[in-house]
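A.B. asks: With the hints as constraints, model all of the structure from the sequences given.
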Amino acid sequence: MTALPRWADVVLLPLLNVVLAFIVGGLIVLAVGQNPLQAVGIMLYGAFGYGSGFGYTLYYTTDFIFAGLAVSLAYHAGLFNIGPEGQAYVGGLGVILIGLALNGTHWAIVFPLMIICGGAFGALWAFVPGYLQAKRGSHVVITTILFNFIAASMMGFLISRVLKPEGVNSDESAPLEAITRVPQLRTFIELFKNSPVNLTFFLAIAALVFIYWLIWRTKFGYAVRALGKNPVAANYAGISNQKMIMIVMAMSGVLAAMVAVNNVGGVQGRLILNFVNGAGFVGIAVAFMGRGHPVGVGLSALLFGILYQGGQELAFQMPGITREMIVTIQALVILFTGAMGDMLRAPLARLLVRSDAPTGAK
Amino acid sequence: MPPTLSKARTQLKALARDYGLEVDPDAIIENLSVGQQQRVEILKALYRGAETLILDEPTGVLTPDEADHLFRILGKLRDEGKTIILITHKLREIMAITDEVSVMRQGAMVKTLTTKDTSPGALAELMVGRRVLLRVEKGPASPGKVLLDVENLVVTDDFKVPRVKGVSFQVRAGEIVGIAGVAGNGQSELLESIAGMRDQLLGTIRLNGEVLSLEGDDGAARARAAGLAHVPEDRLRMGLVTTFSEWENSILGYQHSYGTGPGLDIAMARATAEEYIKKFDIRPPNLDLKTANFSGGNQQKIVLAREMERNPDVLIVGQPTRGVDIGAIEFIHNQIIKMRDAGKAILLVSVELDEIRSLADRILVIFDGHIVGEADPATADETELGLLMTGSHASSGKETN
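Chains as they are written, first to last, in the working numbering: chain A, 5 to 366; chain B, 25 to 425.
Quick caveat, the hints were computed from the structure, so don't treat them as lab data.
Given the structure is predicted, the values throughout are model-derived calculations rather than measurements.
Don't take every hint at face value.
Unchecked claim - Computed list of lysine-lysine pairs in DSBU-like fashion (alpha-carbon distance at most 30 Å, straight line): (1) B:Lys303 with B:Lys362; (2) B:Lys184 with B:Lys169; (3) A:Lys233 with B:Lys302; (4) B:Lys189 with A:Lys139; (5) B:Lys114 with B:Lys362; (6) A:Lys233 with B:Lys314; (7) B:Lys106 with B:Lys140; (8) B:Lys106 with B:Lys68; (9) A:Lys223 with B:Lys303; (10) A:Lys247 with B:Lys314; (11) A:Lys233 with A:Lys223; (12) B:Lys314 with B:Lys303; (13) B:Lys362 with B:Lys162; (14) B:Lys100 with B:Lys135; (15) A:Lys223 with A:Lys247; (16) B:Lys189 with A:Lys233; (17) B:Lys184 with A:Lys233; (18) A:Lys139 with B:Lys184; (19) A:Lys223 with B:Lys314; (20) A:Lys223 with B:Lys302; (21) B:Lys184 with A:Lys247; (22) B:Lys100 with B:Lys140.
C.D. replies: If you want it as structure tokens, here you go:
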């Protein structure tokens, strides 16, 4: 692969990819007879222009940070975890079980327990594919995809047959009392009224810092990166590939399960069907766009937060633009930043090398 | 229109016959030996009508026999009027087969000479820019107590096929024991097993009198903790994470000793790397440079510095100078001698017979997973060693059945 200067690799390339996605998206908006610039304006207004819109943006961003970090951490160990969707879903079971068990207790006690219990459920759901990869050689890409399906069926059964209280029509668990739920920021900050962003947002910021420290500043992170870059050399260095694969997958599952703390513990206050709603899959795009680096993950999670919240505003404000079109634009961003993320690498490298040449030559 | 498969097959067979490049045209490449794979490459070039062949270190992976075969083919091609450019660091090959030789040093052509008018010594001097000793200078060994004791070791490869079939030997403090053999006779599995990277099926490995238990895929960590250092045969695949920076590779395998808690003491690791760079003259002296961007010789110095400077009791070394330039070879050989003189036990595996003969104090010959003979490098006869290495010597060596 062509070498790019670090700043170009980390900042310029992702930025160009996003711009390209928006240009193509803009052409589509033009094609349906709408004004693309106006559309961008509405999206940005929807994402930042008023308190509850901004709150929603941060709420989505929280989900995407956790899912993005889950994928990134595993990726540093050379593991492609496609399963944050299912891990978050199963994590929701842990969150609601501890919540219901302690229903009525103050959130300051329940919140940390939700993190631990939800995390443990998510960890278990990711550990099993990790175990199968480490001990049996079953590829995690396959097993985590399958585990998403198993999670969906199992959780569907549990919610509609086991957790649903008597006399309730919709498929959902009993609700948590207000005092037990993770508090929403609107109770402290007037700006966020009518929006679901809650304390979990700060947990997400803390997770970004923690994962950065873990990967680049600890012996464990060193082992993770050695494993991801060269498993044979890791083995030579005395790093147990098998143990590391299982530990990293479990940790990845913990991160994914924090999506459940945000939604089940914070926003819904109950376990509802399919609450993850694709956030786990967006995490894959977030991780790739952010190049596995917590700063990149934070920024790309924010971008997807803007796309989600601003997109809803757009669908609402511009009748010519449907929900499906918003999804198309989101898909374009994923396509250009993820799947075709390296498309501009070679031309960019040529351009930069050429402009460097006069100063670089002796 | 591209030729049909059957037509291509006929043409390839004819080419193979004309040039002695016999390869089954229908074989799957991964099932061929490295020597045969190389023949495929040459065949491919000839099939496309190449007039000029460029070969980069073609004999690095070949047995002596295969190398001779290759040179016969190259000679034939030359006689037919093809141009052959051979890039190699082996002076013997230059002298044996080339007509004209150009020496490159640090990216510039230093000189072009007619081969028959020059000598290996003169070429080595041009390559390094100063006088080089092609022979290793060392005093006599003074072996002390047994530090590495391998007893009846049986090791299998990834496909559960036994590769080391009951090997026993000892290495004493202050001696270098060389294992000579044609590549693929169990040397790699032997090294990896002693280093804790490959589980042993049977047998005992004692380090300093203590039995090493190395099961599991983190055995290498326990071997290191017991005082064993390992310079692996294949540094790019095993000894280095090439996408890591220089300083990160300077602590590979020893990362646990940098910092007390979970945190990695990066300042300490960088200081160590800095020290290694100075002591081993690693160039460029840039500890943030990606390891892939160092030359082969300097990459090997990174590995050697890391493994030697931790003061291990036992050092096991595989192919220490494979793909390394002449100046660095001299340095690496001297470092290994220095380790020996400091009272370390050194096990050296190399497919370069010259290297074994000049470094080792005792030579063990391995063939098909057995130690088939022992020789004194001072008196050993090259022909006899060669016969042992190919298993065709019946009188010496242990009877196995």
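A.B. asks: Taking the hints in turn, state whether each one holds.
C.D. replies: Verification of the hints:
1. B:Lys303 with B:Lys362: holds, 13 Å
2. B:Lys184 with B:Lys169: violated, 35 Å
3. A:Lys233 with B:Lys302: holds, 27 Å
4. B:Lys189 with A:Lys139: holds, 27 Å
5. B:Lys114 with B:Lys362: Holds, at roughly 24 Å.
6. A:Lys233 with B:Lys314: holds, 13 Å
7. B:Lys106 with B:Lys140: Judged against 30 Å, a Cα distance of about 20 Å means the pair holds.
8. B:Lys106 with B:Lys68: holds, 15 Å
9. A:Lys223 with B:Lys303: holds, 26 Å
10. A:Lys247 with B:Lys314: Holds, at roughly 27 Å.
11. A:Lys233 with A:Lys223: holds, 15 Å
12. B:Lys314 with B:Lys303: holds, 20 Å
13. B:Lys362 with B:Lys162: holds, 9 Å
14. B:Lys100 with B:Lys135: holds, 27 Å
15. A:Lys223 with A:Lys247: Given that 30 Å is the threshold and the Cα spacing comes to 15 Å, the pair holds.
16. B:Lys189 with A:Lys233: violated, 33 Å
17. B:Lys184 with A:Lys233: holds, 26 Å
18. A:Lys139 with B:Lys184: holds, 17 Å
19. A:Lys223 with B:Lys314: holds, 19 Å
20. A:Lys223 with B:Lys302: holds, 25 Å
21. B:Lys184 with A:Lys247: holds, 23 Å
22. B:Lys100 with B:Lys140: holds, 19 Å
In the structure shown, a violation is registered for the earlier hints numbered 2, 16, in ascending order.
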